[in-house]
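2 protein chains.
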Amino acid sequence: MSLLVIGSVALDSVATPFGSVEEALGGSATYFSCSASFFTTVKLVAVVGEDFPSRHIRFLKTRNIDLKGLQVRKGRTFRWKGSYEYDLNEAKTVYTHLNVFSNFKPHIPEEYKDEKFVFLANIDPDLQADVLKQVRKPALVACDSMNFWIENKRKELIRLLKKVDIFILNDAEARELAEEPNLLKGAKRILSFGPRMVIIKKGEHGALLFSDHSSFSAPAYPLESIYDPTGAGDTFAGGFMGYLSRAGKANESNVRKAIIYGSVMASYNVEDFSLNRLRRLTLKDIDKRYREFKKLTCF
Amino acid sequence: MSLLVIGSVALDSVATPFGSVEEALGGSATYFSCSASFFTTVKLVAVVGEDFPSRHIRFLKTRNIDLKGLQVRKGRTFRWKGSYEYDLNEAKTVYTHLNVFSNFKPHIPEEYKDEKFVFLANIDPDLQADVLKQVRKPALVACDSMNFWIENKRKELIRLLKKVDIFILNDAEARELAEEPNLLKGAKRILSFGPRMVIIKKGEHGALLFSDHSSFSAPAYPLESIYDPTGAGDTFAGGFMGYLSRAGKANESNVRKAIIYGSVMASYNVEDFSLNRLRRLTLKDIDKRYREFKKLTCF
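Going down the list, the sequences are from chains A and B. FYI, the numbering for the first sequence is 1 to 299, going by the numbering used here. FYI, the numbering for the second sequence is 1001 to 1299, going by the numbering used here.
Per the computed footprint, the stretches of chain A lying under chain B, defined by three or more beta-carbons under 8 Å from a beta-carbon of chain B, are:
#, segment
1, 177-183
2, 213-225
3, 249-260
Below are the DMTMM-like pairs computed for lysine to aspartate or glutamate, each with C-alpha atoms no more than 20 Å apart in a straight line:
#, chain 1, residue 1, chain 2, residue 2
4, A, Lys185, B, Asp1272
5, B, Lys1188, A, Glu224
6, B, Lys1202, A, Asp171
7, B, Lys1188, A, Glu204
8, A, Lys113, A, Asp165
9, A, Lys295, B, Asp1212
10, B, Lys1162, B, Glu1151
11, B, Lys1202, A, Glu204
12, A, Lys185, B, Glu1224
13, B, Lys1185, A, Glu85
It is worth saying that the hints were derived from the structure and are not from the lab. Yeah, the Cβ is synthetic: ideal placement off N, Cα and C, and Gly gets one too.
Please model the complete structure; the sequences and the hints are all you need to start from.
Encoded structure:
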């Protein structure tokens, strides 16, 4: 089954202790789509400016990504600049220029409206809700968010969560949204807002899945060098939703496997800047690391 | 097979946001022994003062713990007082009174000298080395340490590690000892000091095992409430070494299972103050949570 994603396509400038890139391809929907495209066809809804380099469009077309939903608007593309210290867990934002993204009204093309698997990448919860209204009968809706929306659009986000099946967020966001330091209690609180599953990403400590009746703990892949953590969360979500769409059914067993595939994709993504590692990734690489996750957790 | 442990027996005063205890039974060798005694017979080498309550001796005797190596010396028992904030990861020490422990010369009783499984709980690396000299032909030596010794007896600790098979420490200690922020690189550095396996405990994020040829990631058991983290590391080591001694062989498969048993024991221990949870723990409880760890990691 194919997969619909709404999010950002951006040009990122990133510096880490291991190097830097200027105006490289980035954005939540970009990382998500490229990652998911290893598993299924992705239909991308986003906006870029007239300055968006055509080579990036050509690259996205070489992947399994349908670009009918990518609007090109007058103005400049969304730009983000950030840097990381040796503790690569937190990005320091230098600037965020929303540009064409500031007036973005997501328009779902008619032929996307019957999509069954939908991912709402991190954007304004009102826009996420607006997109959901345009999709006729989604079978599985997953979404992401961030501290900014938790702090500034809490009500809207909680309202949205009633219509979401799987909510993916990181540990700090979970604690903030649930107003609870304990992750297990926090997850229960978030489940009470509506989703039937919540996935809490813990960076180098892996990810946790909580539902009403069970929990699952996925490790992170031990890496010697993380070159650039930008997009790791979206790449995780892409592998996760990509696998689920291909499997066709979000039962617990598939969701657990999907979390491992998400972790595999994220672990590769951080090995290079921008989408460089995903560009040269193969299905064989993905299978290899999936088997390594098995060995890593087997007892 | 039985198991020899050298470490501290103490009286702990602990306060957490959930309650407090005064002069409760504590000490690294105490937590270790009680935890390991669910799996095998433990031979305890330690020292207490004349003021050590006889009810604690009676309790230890009800467990599978041989106390011939427990010296009673003139003076007061080792006392520690500490407190934890809501983030229960770090103890704030109020005082440490070494008392009889300050002149402790570990004397291994003749009938302990042929023990095959040895655990050197966290004490001065010189004392740990001294104990090792007294044991004739140990088959498996594991040890623990702490930041104080890494900072103040680095050379002695590294010298000791040449004779140690499995080194157990926490993530901050691993980073400090290896002088390396990345845990995978740090583990490789520590392996180069001598041990054939290193286990890095990450508290609420589980534990990692590294050897020359493989790695293993164990999750932490998700708990809603941690009442008192005191002794969690020693309880982990007790379950770990207890299971290995019972299994009789420290191959990789057994070591992985042993890490899960260690995690099970530690997860119970933090559910109450002092050794209170271990006092009422049953083998059935242990098996139940071991199976829950299986479910928690299965994909």
